[in-house]
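**Student:** Each chain, written out:
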Amino acid sequence: MNFAIALSASEEIDEPRVKSGLRMDEPAFQAFYGQTAGPLLGYLIRSCGERALAEDLWQESYCRFLTSEAPEMDERQARSYLFQVATNLMRDRWRRPREEAPAEGVAESAAPEPPLDLKLGMRQAFERLKPRERQLLWLAYVEGSNHKEIANCTGLQAGSIRLLLFRARRRLAELIGASSRSGDAEVTK
Amino acid sequence: MKENDCAKEQELVAALHDGTLNTELLSHAGSCTVCADVLRVAAFLHEESASLDRELRLPDATVIWRKAQARAREKAFAKATLPIRIART
Chain A
1 MNFAIALSAS
11 EEIDEPRVKS
21 GLRMDEPAFQ
31 AFYGQTAGPL
41 LGYLIRSCGE
51 RALAEDLWQE
61 SYCRFLTSEA
71 PEMDERQARS
81 YLFQVATNLM
91 RDRWRRPREE
101 APAEGVAESA
111 APEPPLDLKL
121 GMRQAFERLK
131 PRERQLLWLA
141 YVEGSNHKEI
151 ANCTGLQAGS
161 IRLLLFRARR
171 RLAELIGASS
181 RSGDAEVTK
Chain B
1 MKENDCAKEQ
11 ELVAALHDGT
21 LNTELLSHAG
31 SCTVCADVLR
41 VAAFLHEESA
51 SLDRELRLPD
61 ATVIWRKAQA
71 RAREKAFAKA
81 TLPIRIART
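Residue numbers (the numbering used here), protein chains in the order written: chain A, 1 to 189; chain B, 1 to 89.
Here chain A stands alone, though its shape is the one from the complex (with noise of 0.2 Å):
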């Protein structure tokens, strides 16, 4: 394909919107793109644990944002449909075969969990929880969604989300040392 033709044409039907077949025009997606590719691409990367595959999946998501018949939406609705676009990837990506997924994606299987080493760097640590459970703390202290937004960006009960959540804390918690309170250790079994 030439590359300089294909664009020439797109301008010419890049307004109006409508004509675009893209949810939003060009100035309100680089606004919006200003808001969200830093913090999509970190929640890829930490919960993916793969970077080259971050970035493949981070623009995908985009492209399938733009390219989405989804209803209007406010900014914050918009943010959160785009993060669960990307976590449908993530858990697509997942689902295949086993050579093909991430070496996290095994662990969302019942493995048997390895000693904890209090001494651990804390991205080590955070890289040893299960990808859900770095998918919820990252949405929920990084991104600063309620439950009912990680229920609908995860695909998950909205009910289960605090339970699961206190799992991956308390998890993560022990990981970086966070507590060194007697019996804790009793929460997690």
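Since the hints were derived computationally from the structure, they do not count as laboratory data.
Glycine included, each C-beta is placed from N, C-alpha and C at the ideal position.
Errors might be hidden in some of the hints.
To be verified - For lysine to aspartate or glutamate, the following EDC-like pairs were computed, each having C-alpha atoms within a straight-line distance of at most 16 Å:
1) Lys130/A / Glu174/A
2) Lys79/B / Glu69/A
3) Lys67/B / Glu174/A
4) Lys67/B / Asp25/A
5) Lys75/B / Glu69/A
6) Lys130/A / Glu72/A
7) Lys75/B / Glu55/B
8) Lys67/B / Glu50/A
9) Lys67/B / Glu60/A
10) Lys67/B / Glu55/A
11) Lys75/B / Glu55/A
Stated by the list, open to error - Using C-beta positions, here's what the derived DEER-type ranges look like:
12) Arg76/A / Ser31/B: 31 to 41 Å
13) Asn88/A / Ala78/B: 19 to 29 Å
14) Leu82/B / Asp92/A: 22 to 32 Å
15) Ala50/B / Leu156/A: 25 to 35 Å
16) Asp74/A / Ile84/B: 36 to 46 Å
17) Gly177/A / Glu74/B: 17 to 27 Å
18) Ala80/B / Gly177/A: 52 to 62 Å
19) Ala158/A / Thr23/B: 26 to 36 Å
20) Lys67/B / Asp92/A: 35 to 45 Å
21) Gln157/A / Glu11/B: 47 to 57 Å
22) Arg167/A / Asp60/B: 36 to 46 Å
23) Arg76/A / Ile84/B: 17 to 27 Å
24) Arg76/A / Glu11/B: 11 to 21 Å
Assemble chain B onto chain A, guided by the hints.
**Tutor:** Just chain B now, kept in the frame of chain A:
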């Protein structure tokens, strides 16, 4: 109250996200297991996020925009030519 539950948890999370954490919430977190963990984990994740922000080099939005435009054209073309392709098969 359950061991994994605290009424102030959401308030604490919102305050952390908005940067409005006050001494009352901090004091509460000092005596609440759930909120102490929230505070510790959230602080770690915010540092992770800030660290990524510093190191990430993002492409210009135009790159993504052009790619989405191409995708939209492909979709439109596929939709428009669907009857022809069906008739041919």
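**Student:** If a hint holds in the structure, say so; if it does not, say that too.
**Tutor:** Consistency of the hints with the structure:
1. Lys130/A / Glu174/A: holds, 14 Å
2. Lys79/B / Glu69/A: At roughly 14 Å apart (the allowed maximum being 16 Å), Glu69/A and Lys79/B satisfy the hint.
3. Lys67/B / Glu174/A: Violated, at roughly 43 Å.
4. Lys67/B / Asp25/A: holds, 14 Å
5. Lys75/B / Glu69/A: Holds. Lys75/B to Glu69/A sits at ~12 Å (cutoff 16 Å).
6. Lys130/A / Glu72/A: Violated - the C-alpha atoms of Glu72/A and Lys130/A are around 34 Å apart, more than 16 Å.
7. Lys75/B / Glu55/B: At roughly 35 Å apart (the allowed maximum being 16 Å), Glu55/B and Lys75/B break the hint.
8. Lys67/B / Glu50/A: violated, 23 Å
9. Lys67/B / Glu60/A: holds, 9 Å
10. Lys67/B / Glu55/A: holds, 14 Å
11. Lys75/B / Glu55/A: Violated - the C-alpha atoms of Glu55/A and Lys75/B are around 23 Å apart, more than 16 Å.
12. Arg76/A / Ser31/B: 31 to 41 Å: The hint (31 to 41 Å, Cβ to Cβ) holds, given that Arg76/A and Ser31/B are roughly 33 Å apart.
13. Asn88/A / Ala78/B: 19 to 29 Å: Check passed, 21 Å falls within 19 to 29 Å.
14. Leu82/B / Asp92/A: 22 to 32 Å: Taking Cβ atoms as reference, Leu82/B and Asp92/A lie about 24 Å apart, which means the hint holds.
15. Ala50/B / Leu156/A: 25 to 35 Å: Taking Cβ atoms as reference, Ala50/B and Leu156/A lie about 27 Å apart, which means the hint holds.
16. Asp74/A / Ile84/B: 36 to 46 Å: holds, 39 Å
17. Gly177/A / Glu74/B: 17 to 27 Å: Given a distance of about 51 Å, which is not inside 17 to 27 Å, the answer is violated.
18. Ala80/B / Gly177/A: 52 to 62 Å: With Cβ atoms ~60 Å apart, the hint holds.
19. Ala158/A / Thr23/B: 26 to 36 Å: holds, 32 Å
20. Lys67/B / Asp92/A: 35 to 45 Å: For Asp92/A against Lys67/B, whose Cβ atoms are near 19 Å apart, the range 35 to 45 Å is violated.
21. Gln157/A / Glu11/B: 47 to 57 Å: violated, 23 Å
22. Arg167/A / Asp60/B: 36 to 46 Å: Distance hint for Arg167/A, Asp60/B holds at roughly 40 Å.
23. Arg76/A / Ile84/B: 17 to 27 Å: violated, 42 Å
24. Arg76/A / Glu11/B: 11 to 21 Å: Holds - the Cβ-Cβ distance for Arg76/A and Glu11/B, about 19 Å, lies within 11 to 21 Å.
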